[in-house]
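Asker: Below, each chain spelled out in residue letters.
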Amino acid sequence: MNASLRLIGIFAIVFIAAPLLIVVPMSLSTSASLQFPPPGLWLGYYASYFTDMSWLRPTWNSLVIAFFTTLLTMALVVPATFALVRHRFYGKSVANLMMLMPLAVPHIVMAVGYYSYFGDLRLVFSKTGVVLAHTCLSVPITFLVLSANLKGFDRNLERAARSLGATPRQVFVHITLPILRPSLTISALFAFIQSFDETVVALFISGRDAETLPRKMFDSIRQEADPVIAVISTLLFLIVALALLAPHAMRLTRRMLATASRRTTPRDQT
Amino acid sequence: MSTAPRSLTDRPTLWPWLLLTPLALYLAIFFLVPLAQVAWMSVSEPTPGFGNYADALTGTLFRKVMLNTFFTAALVAFCCLLVGYPLAWLMTKTTPARATAILLLITMSFWTSFLVRTYAWMVLLGRNGPVAWAIEALGYGEPPQMLFTRFASTLAMVHILAPYMIMNIYSVMTKIDPALIRSAESMGARGGSLMRHVYLPLTAPGIANGAVLVFVICLGFYVTPVLLGSPREQMAAGLIGRQIEEFLAFGPGSAMAMILLAVTLVILAVYHRRFGLDRLYG
Chain A
4 MNASLRLIGI FAIVFIAAPL LIVVPMSLST SASLQFPPPG LWLGYYASYF
54 TDMSWLRPTW NSLVIAFFTT LLTMALVVPA TFALVRHRFY GKSVANLMML
104 MPLAVPHIVM AVGYYSYFGD LRLVFSKTGV VLAHTCLSVP ITFLVLSANL
154 KGFDRNLERA ARSLGATPRQ VFVHITLPIL RPSLTISALF AFIQSFDETV
204 VALFISGRDA ETLPRKMFDS IRQEADPVIA VISTLLFLIV ALALLAPHAM
254 RLTRRMLATA SRRTTPRDQT
Chain B
70 MSTAPRSLTD RPTLWPWLLL TPLALYLAIF FLVPLAQVAW MSVSEPTPGF
120 GNYADALTGT LFRKVMLNTF FTAALVAFCC LLVGYPLAWL MTKTTPARAT
170 AILLLITMSF WTSFLVRTYA WMVLLGRNGP VAWAIEALGY GEPPQMLFTR
220 FASTLAMVHI LAPYMIMNIY SVMTKIDPAL IRSAESMGAR GGSLMRHVYL
270 PLTAPGIANG AVLVFVICLG FYVTPVLLGS PREQMAAGLI GRQIEEFLAF
320 GPGSAMAMIL LAVTLVILAV YHRRFGLDRL YG
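From first to last, the protein sequence lines are chains A and B. For my numbering, count along the first sequence from 1 and bump the result up by 3. For my numbering, count along the second sequence from 1 and bump the result up by 69.
In case anyone wonders, no lab produced these hints; they're calculated from the structure. Remember, it's a predicted structure, so these values are computed and weren't measured experimentally. Note that CB positions come from ideal geometry on N, CA and C, so glycine has one too. Watch out, some of these pointers could steer you wrong.
[Said to hold, decoys possible] Pulled from the structure, derived: some chain A residues nowhere near chain B, Cβ distances all over 12 Å:
no.: 1; residue: ALA20
no.: 2; residue: TRP45
no.: 3; residue: LEU160
no.: 4; residue: GLY168
no.: 5; residue: GLN173
no.: 6; residue: LEU183
no.: 7; residue: HIS251
no.: 8; residue: ALA263
[As the list claims (entries may be wrong)] Coverage of chain B stretches by chain A, computed from C-beta distances (three or more under 8 Å per stretch; other residues unrestricted):
no.: 9; segment: 88-96
no.: 10; segment: 123-134
no.: 11; segment: 146-157
no.: 12; segment: 176-185
no.: 13; segment: 288-301
no.: 14; segment: 311-322
no.: 15; segment: 331-343
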């Protein structure tokens, strides 16, 4: 029983890892038709990604849209999360549910709604429209991350500062915000990535002018794969991998340096 | 009324309302109104009435697509469990360093864009891809058509959604009191029976959480089935997208969207009453 479970577990690791890793050799292939094993290696498709405006423009659009989505989401969600975590009031559970609502609606349903609604408002095919839509979709995840952190916040720290004579404003700026900075960063990151990756709504409302990277990738994959897709996939995967591995690598080097220095420095020094 | 002394901030004030109003207004204007517009279009385009719903529910195409959607979502949830349960179990049994490495891999997969992962399966299962190459190299002859089939889209969706399942099960598994397992073992539970009578019931909440989450996300999946699946075996989201994009049939498309939404909400509401919605993504 245990042996077979272990075997399936190891198989599952391969199942999860293989698709992530396969895009890397494919991005270096000379073949344009996803041939395995790659007939030869070169960096030509990287060069074409970084010089082709039809790929760079959607990348830039996606970054701009994700940036403003993050700003707007944080501006709306941070105060609301404080209200919901720190206060008791009538209708709180309804408000809580309202924050999570966008999570429950399939994106295709919202895409249909935005397509016609923003059409009426003349916001369809504009970056503004995509930002406004993405902000709604980013609210739940940002709220969930932030509220989980805010619930674990030790309010005695604020009370201590108050009792020492700090004004509520000072408490917020010097105590609350610094402590929450990591959770604010993480929830902002969630909002950014949610917008940067969002495909379905962008597919319907971004049009030619505000074309996002996922939309461009979707169209390109559908029309029999431009090899540049492999390059972008590799880059997107490597960004994620580096972001996740960097803290581990840093901790590991620090530990190695610490043990190394302990070995080399004489004990009796100072 | 609670008898515990209330702290200063619990006094009724206007603060929570002031803090909540901007977001509430925003969601009303940019979330509820577009949603209401879908509902409105479904009963007003092209003619007022419930004709679109009647057409959708009596027509064979929509019924077939809905059934296929349910079947696929259930299949994907089940496969995620098959992949996820042993992996979560392995993580609790192996060394902390290895468990961290596996967790890192799953997190990496989770954060990698849907499209990248969908594309990766296109590469893997392509006519000249690694899987076809392996089949030929091992002497099994001409590889079958794998892309643009139910097999391809199901496999990719399992891969994309497995992290949700694994995280849910793993978080429950790590909270199991080892004393329970030890006492079960001391009373003679071994291998299969330990798994069936002790481990599975203890991890059931995680399984339920993960399965509902995967099922619901899968119901509304658009990208992967459209890109990898067979055009003859569409899923609901793909059909809705085509109504709007290709046929500009806003009424029928909206009615189908409302039905999909209703199904999703019913499942989530049942779940919410039992467990609470905010636990789902926790």
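Asker: Hints first: check each against the structure and report whether it holds.
Answerer: Right, here's what the structure says about each hint:
1. ALA20: 6 Å, violated
2. TRP45: It holds; TRP45 of chain A is separated from chain B by about 18 Å at its closest Cβ, greater than 12 Å.
3. LEU160: 14 Å, holds
4. GLY168: Consistent with the label, GLY168 of chain A stays out of reach of chain B, its closest Cβ about 16 Å off (over 12 Å).
5. GLN173: 16 Å, holds
6. LEU183: 15 Å, holds
7. HIS251: 7 Å, violated
8. ALA263: 20 Å, holds
9. 88-96: holds (count 7)
10. 123-134: It is violated, with 0 qualifying residues against the three required.
11. 146-157: holds (count 5)
12. 176-185: holds (count 9)
13. 288-301: holds (count 6)
14. 311-322: It holds, with 4 qualifying residues against the three required.
15. 331-343: It holds, with 3 qualifying residues against the three required.
Comparing the model with each numbered hint stated earlier shows that hints 1, 7, 10 do not hold.
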